[in-house]
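**Q** Work the whole structure out from these sequences, hints included.
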Amino acid sequence: MAEARDPVRISVPVDGGELSALHWAADAPGSPIAVLVHGITANAMAWARVAAALAGEFEVVAPDLRGRAGSAGLPGPYGLERHARDVATLLDRFGADDDAGADATVVVGHSMGAFVAAMAAAGPARDEVHGLVLVDGGLALAQPPGADVDAMLSAVLGPSLDRLSTSFPDVAAVRAFWARHPAVGPWVDVPSVAAYLARDLAPGGPPLRSACVPEAVRVDGGDVLLNERVLEATTALPVPATLLWATRGLLDQTPGLYDEVRLASLGLEPAGITAREVPGTNHYSVLWAEEGVAAIADEVRAAAART
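Quick note on this note's numbering: the sequence shown kicks off at 13 and runs consecutively.
Simulated from the structure, these hints should not be mistaken for laboratory data. Ideal placement from N, C-alpha and C gives every residue a C-beta, glycine not left out. Any given hint might turn out to be false.
[As the list claims (entries may be wrong)] Pairwise CB distance ranges (calculated):
#1 R138 x G279: 15 to 25 angstroms
#2 P87 x V20: 17 to 27 angstroms
#3 P87 x R187: 27 to 37 angstroms
#4 S23 x G88: 13 to 23 angstroms
#5 S177 x R288: 33 to 43 angstroms
#6 V273 x A159: 19 to 29 angstroms
#7 P41 x P291: 31 to 41 angstroms
#8 G68 x R21: 15 to 25 angstroms
#9 P89 x G217: 27 to 37 angstroms
#10 E303 x L275: 14 to 24 angstroms
#11 S177 x P215: 13 to 23 angstroms
**A** Written out as structure tokens, the structure is:
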């Protein structure tokens, strides 16, 4: 699979400062826009392979959400409603609300980013979103074990959360950490994935540490698990949506976050949501494996074509 052309880093003024984002430009003015929203401890480079499939054809922009990577310095309060407003501001920057701008704007979210995408589409960006693709997220998760938010997040995220309190002596140690991860490990030496993992590191060091702000992760994770406004966003979407769900989960286990039994209980059809399994992928590789990239790109194109 081809790696993406190099993106340009841009900054967009938002409440409290500048939101960092990566931009893969379209080949022609007026091209549709694809906004790609990452997960709870991720960053914009998680989307590099999807961007490779869409860049040129679409204006592709992927923000570092507040409290992560290039946007780590943006202040709180955190929470998914704040992220949804940031995404709406990003859409304004790209002229999604301008009659002379793009014909279609498709918002794509992965994991927690799918909840953010749904919140944006149902709320502050309601008039600007023409298509919505949810990738292994956006719909209520099974309640994880734990007496409080911290315990529940630890049960769901495992090593991805553990690294936020870990210091690493060098890049080799960071690579070794991820190489042991059951879902990420097979991908650590793929150039775009290595760049994604490197983007997670805070400037400076050694020692090296994640740029993710732990409080942002905690607040945002609490929203995903417990905030009724977040969990109900998909009942008020202005456009049809597609959920692409991975067969395996965050630790490469089966079942993953969703399966056919769980999805049957969520009432997707009345909400205008179509669910499709992406076989052969886990929660992370759905963004990197050929099957996942093709499924996401196809859904983005289909959503843009419906406008």
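**Q** Are the hints correct? Go through all of them and say.
**A** Hints versus structure:
no.: 1; hint: R138 x G279: 15 to 25 angstroms; result: holds, 21 angstroms
no.: 2; hint: P87 x V20: 17 to 27 angstroms; result: holds, 25 angstroms
no.: 3; hint: P87 x R187: 27 to 37 angstroms; result: holds, 31 angstroms
no.: 4; hint: S23 x G88: 13 to 23 angstroms; result: holds, 19 angstroms
no.: 5; hint: S177 x R288: 33 to 43 angstroms; result: holds, 36 angstroms
no.: 6; hint: V273 x A159: 19 to 29 angstroms; result: holds, 26 angstroms
no.: 7; hint: P41 x P291: 31 to 41 angstroms; result: holds, 38 angstroms
no.: 8; hint: G68 x R21: 15 to 25 angstroms; result: holds, 18 angstroms
no.: 9; hint: P89 x G217: 27 to 37 angstroms; result: holds, 28 angstroms
no.: 10; hint: E303 x L275: 14 to 24 angstroms; result: holds, 19 angstroms
no.: 11; hint: S177 x P215: 13 to 23 angstroms; result: holds, 19 angstroms
In terms of the numbered hints stated before, the structure departs from none.
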